[in-house]
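**Q** One-letter residues, chain by chain:
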Amino acid sequence: MNSSSERITMDVKNSRKFSQNQIHEMRENLSAWVFLLPFLLFYTMFTLYPIIKGFFISFTSGSFGIESKFVGVANYIRMFQDEKFWEALWNTIGFVIVSSPVIALFGLLMALIVNAGLKGTTVLRSIFFMPYMLAISVMVSIWKFILQPYTGLLNSVLHQFGVEKEIFWLAETNLAWTSILLATLWWTVGFNMILILAGLQDIPGELYEASNIDGANGWQAFWYITLPSLRKVLVLIMTLQSIASFKLFGQPWLLTGGGPGTSTRPLVQYIYETGFKQWDTGYSASLSYVLFAVIIIFSVIQNKLLSPRSRTAKK
Amino acid sequence: MDQVRKVSRMDLNKTLIYGVSYLLALLWLLPLLWMIITAFKTEGSVVTVLSELIKPPFSLSSFIKVNRTAMMGQWTINSFLVAIIQTSSTIIFSSLAAYAISQIKFKGKTLVFAVIMAGLMVPVESTIVPLFQMLVDFGWINTYKALIFPGIAMPLGVFVLKQFYDGIPRELVEAGRIDGLNVFGTWWHIFVPLSKTATASIGIFIFIQSWNNFLWPLLAASESKMMTLPVAIPTFQSSFTTDFTVPMAANLLASLPALLVFILLQKNIVKGIAMTGIKG
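Protein sequences appear in the order of chains C and A.
The numbers in the first sequence follow this note's numbering, run straight up by one, and end at 338.
The numbers in the second sequence follow this note's numbering, run straight up by one, and end at 1503.
Next comes chain C alone, as it looks inside the complex (with noise of 0.2 Å):
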């Protein structure tokens, strides 16, 4: 540490600052590295090195176990002619256009609710979150229950109030997307809605009351206080979602099997099938490398919209 009490003294100690120079340097490199060692050493195993191999078996056939074949660029081509890969592609971005201000916009209503301050408000924010205690599984299974046809809890409720149709809210795609999204919806808002209420909490009480004093209603103190100071947070949880949408995997995987046919299976859900049902782990591999492209485009369009720089060149 270059701090200016031992600069003094190192001053003092005038003939041998040069060598307490050095032995210092390396002291301080040394200790950083063993500060460092336990984290970089499974960050290395487990996060850079898969990464770096990963990019060596997109350019191979082969399985596991198996001696693999390099084939150069063969299996980037083939995604190309896979219908079934745009198929997956274009789920999962039709999943996360409609997920993401589906689910930001429920956050925000719940945020909404939870600070207006009415009775109960605590038992209304646990009622809210709760469901994102829950593991994917077990969230799957209640909605499975809830939705199944002839025996479910929804088409049961309905036929009581007089709809006589047996809905098969899993077997029909629109439904089963539908049911997806319903399902994440239930799910995740809870944790948008948290990130919401911090940012609606942060919003200085000064602002409503000259607001007040100005003759706005409460349309209008929403519209132009509440909107653009929760601006950050927003593209924030809207970002953050997006991303999650684009590893959508457990939901269809469970309540639909992706089904029916292919028509609601995800990018994720064909890496999985291709590289651990197929055992084609070249190809797997190369197509979780488009995945990670995606999400990088993703992350860097988030820091961009987040940056300081870019937030007072809106204002």
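One should not assume that every hint holds.
[As the list claims (entries may be wrong)] Each computed BS3-like pair below joins lysine-lysine, with the alpha-carbon atoms no more than 25 Å apart:
id, chain 1, residue 1, chain 2, residue 2
1, A, LYS1368, A, LYS1448
2, A, LYS1332, C, LYS327
3, A, LYS1278, A, LYS1288
4, C, LYS255, C, LYS76
5, A, LYS1490, C, LYS142
6, C, LYS188, C, LYS270
7, C, LYS76, C, LYS92
8, C, LYS300, A, LYS1448
9, C, LYS76, A, LYS1368
10, A, LYS1237, C, LYS142
11, C, LYS300, C, LYS92
12, A, LYS1490, C, LYS255
[As the list claims (entries may be wrong)] Derived list of chain C stretches under chain A, where covered just means 3 residues or more per stretch with a C-beta under 8 Å from a C-beta of chain A:
id, segment
13, 49-62
14, 295-309
No wet-lab data here; the hints were simulated from the structure.
Being a predicted model, the structure only gives us computed values, none of them experimental.
For glycine and all other residues, C-beta sits at the position ideal for the given N, C-alpha and C.
We have chain C already, so just place chain A on it with the hints.
**A** For chain A alone, kept in the frame of chain C given last:
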């Protein structure tokens, strides 16, 4: 006259807000409530008609059946073991690394920080193939090592803690130095205690993620006794389609620890999510 109209309109607004809020909350609570009540019904009873649902008899027979046919205890222990070790290691390793990056001058610091930050963008979903291959080579599949190790070095922890450490006043570090603290002592006696809240936030965040993790444990554990709850529950439930009570009892048992933790630590969890989520 005008005053009266204004008041009644405000009352209407208020009623509307209350109505919408409580209705939404009721809808949100319903699936969870349904799971809980169904778990206490006897096998074969009607659980899809709400008026029938709340009528007795209630019993613990479904829980007994779950306990007899599923390794609920083992899966819960696995889940806890994985989540606790991942959380504590992540916290310790991230804290050490963040301290070095924030407080110590060393060669290659910028590069190390950049490489760790780049990891924020790497989803485990995109490295499952090489990761699995590596663990097959090690012979680690179906071991705790395979379940735990890949989730230990989380860049998010380093990122959040480094930001926090950057804000700790220099005077405190100087004072510690004068009192004879070395680098390790400074970390342990000054930085660790001062960052308790931030550390707890990350801990909660990572614990929830680990507890709910699905894709990696699905690959790492294929033997039933090594499975975590999220992976094991679907395999156990796949044979039930018409009986709702036993699966729901399993769901409730699997969720109980998490729900209890939530009820006990509610405030901290909410704070932790808000802080880590926004910083990350």
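**Q** Now tell me if each hint is right for this structure.
**A** Right, here's what the structure says about each hint:
no. : hint                     : result
1   : LYS1368(A) to LYS1448(A) : holds (14 Å)
2   : LYS1332(A) to LYS327(C)  : holds (24 Å)
3   : LYS1278(A) to LYS1288(A) : holds (22 Å)
4   : LYS255(C) to LYS76(C)    : violated (37 Å)
5   : LYS1490(A) to LYS142(C)  : holds (18 Å)
6   : LYS188(C) to LYS270(C)   : violated (34 Å)
7   : LYS76(C) to LYS92(C)     : holds (14 Å)
8   : LYS300(C) to LYS1448(A)  : holds (22 Å)
9   : LYS76(C) to LYS1368(A)   : holds (20 Å)
10  : LYS1237(A) to LYS142(C)  : holds (12 Å)
11  : LYS300(C) to LYS92(C)    : holds (20 Å)
12  : LYS1490(A) to LYS255(C)  : holds (24 Å)
13  : 49-62                    : holds (count 9)
14  : 295-309                  : holds (count 6)
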